[in-house]
Amino acid sequence: MTFPISNTHLEPALLVVIGFTVGVLGGFFGVGGSFLAGPALFAMGLPMNFVVGTDLSHILGKSIVAARRHRALGHVDLKLGVLMAVGTIVGVEAGAQAIERLKTKLSVDLYVGIAFTIVLLGISGIMAWEAIATSRAQKPKTKNKNTTKKPQDHSAFGHVPRWLKTLNWPPPFVDFPVSGIQRLSIWAVLMVSFTGGLFSGFLGGGAGYIRMPAMVYLLGVPTHIAVGTDLFEIVISATYGTVTHALKGNVDILIALVMHTGAAVGAQLGAVGTTFFSGPRLRAAFVPLPLIGAVLVIYGLLNGHHFK
Amino acid sequence: MKTNKKQFGIQLGLELVVYALLVGGYFFLVQRFLGDWLYELFAEKRRSYAAVAVLLMLGQGVVLELVTSFLLGLLERKSSR
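Listed in order, the protein sequences are those of chains P and L.
The numbers in our numbering rise by one with no breaks, and the one at position 202 of the first sequence is 202.
Count along the second sequence from 1, add 1000, and you get the number used in our numbering.
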C-alpha cells in the first residue's frame, strides 16, 4: 500500500515484522535497533531522509516501554541518563541540520548510506574484536570447575575507562553511584552523548549501537546499567528528534505507528532476555547484527533509491 | 525451570495473539480515519504534525503496554487459582 506522507509503497505486514525484530533487539541489547530498521526501510524503498526521521519516531514508543521495564529491574542510572540527554539533544539537532543541507543537494541517500555502511562495519568489527579478546582473557578462569563465583561483567577494554580518567578533563566532576563510577568529568559524559546524538540525528534511531558500547568501554558503566540507561535516555532524545525531523518533513508517522505495533511486543520479550545472559555473551551476540544492516544499505544504494 | 519456560511460552503466545489483533484493528483505524488528517497536517501545519506525531507514538507505547500488562495480570490470577 502507498503511504501518502512519504509517497512510498510499502508492505504493512513487513513493517510489523521489522518492528518486532528490532523490538526484541532493542529490549535485549539496549539499542533502538536502527542498525537494522533503518537499512531495512531503505532497502524497501523509503527515501533516506524519511528513514532517519521515521526510525527516530518509531523508537520513541518502543523505548518508553523498554525503559520502564529496565527501570523496574533497577538497570537505569537516572542521574547519568538526564545528563547524557543534554549532550544527545544538541547532537541530534546537529545531525538533523546536516540532513537538511544534504536534502538541498539531492545527495542525502548516497552520503547517509555510505556513512551508515562505514559505521555499521566499524561497530561490528570493534565488538567482534572485543568479544574475542574478552573470552580469551577469561578462558583460564572458566577451566576451574570448582569455582562458585558468579561470572563478572569483564571487558577486554576494561583499561579504557581507567585511561580516560588519567586524561586532564576539565571540571566539574560528578559521581554516579548507581553505575559505581567515581569522579567522572561532565565533559566526558557530554562528549559521549553528543557523539551518540549526532549519529542519531544523522542516521536515525537512538544510536544505541554507538552510545551503549561507548558507555561500557569509555565511561566504565556496567553493561546492564548501560542498557537500561541508554533506553531511558533514548526516550528523551527521540522525543526531540521526532519533533525536529517532523518539522523538517522527514517523518512518516503512519509508517512509524505500524512498525511500532510489532516493536512493542518485541521490546518486552527482549528486556526479559537480558536476565539470562552475562555481559560478554550479550556483546558477542550483537556482533553479526550491524553486518546485516550494512548489507541492506548497500542493497538499497545499488537499487538506486532517490530522495523524494 | 520447566515451569518458568512454560509461563514464558504462555506469555509470549498471549502477547502475540493480542498484538496480532491490535495490529489489524489499529492499522485499520489509523489508516482509514487518521491517514488523510495526518497528511493534511504534514502538508499544511507542520508544527501541529510534529506535536501529534510525538503524542501518537508516546500514547501508542503506553497504551499497548497497559493493555498487555492488564491481560497478563488476568492470566496470572487465573493460573494462581
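Simulated from the structure, these hints should not be mistaken for lab results.
Being a predicted model, the structure only gives us computed values, none of them experimental.
Even for Gly, the Cβ is constructed at its ideal location relative to N, Cα and C.
Any given hint could be a false lead.
[Stated by the list, open to error] If you anchor each label on the Cβ, the simulated ranges turn out as follows: (1) L:1044 <-> P:180: 35 to 41 Å; (2) P:177 <-> L:1033: 46 to 52 Å; (3) P:187 <-> L:1020: 47 to 53 Å; (4) P:71 <-> L:1020: 23 to 29 Å; (5) P:78 <-> L:1062: 15 to 21 Å; (6) P:177 <-> L:1032: 34 to 40 Å; (7) L:1048 <-> P:71: 47 to 53 Å; (8) P:133 <-> L:1043: 31 to 37 Å; (9) P:114 <-> L:1043: 28 to 34 Å; (10) P:17 <-> L:1032: 18 to 24 Å.
**Q.** Hints that the structure is at odds with (numbers, increasing)
**A.** 1, 6, 7 and 8
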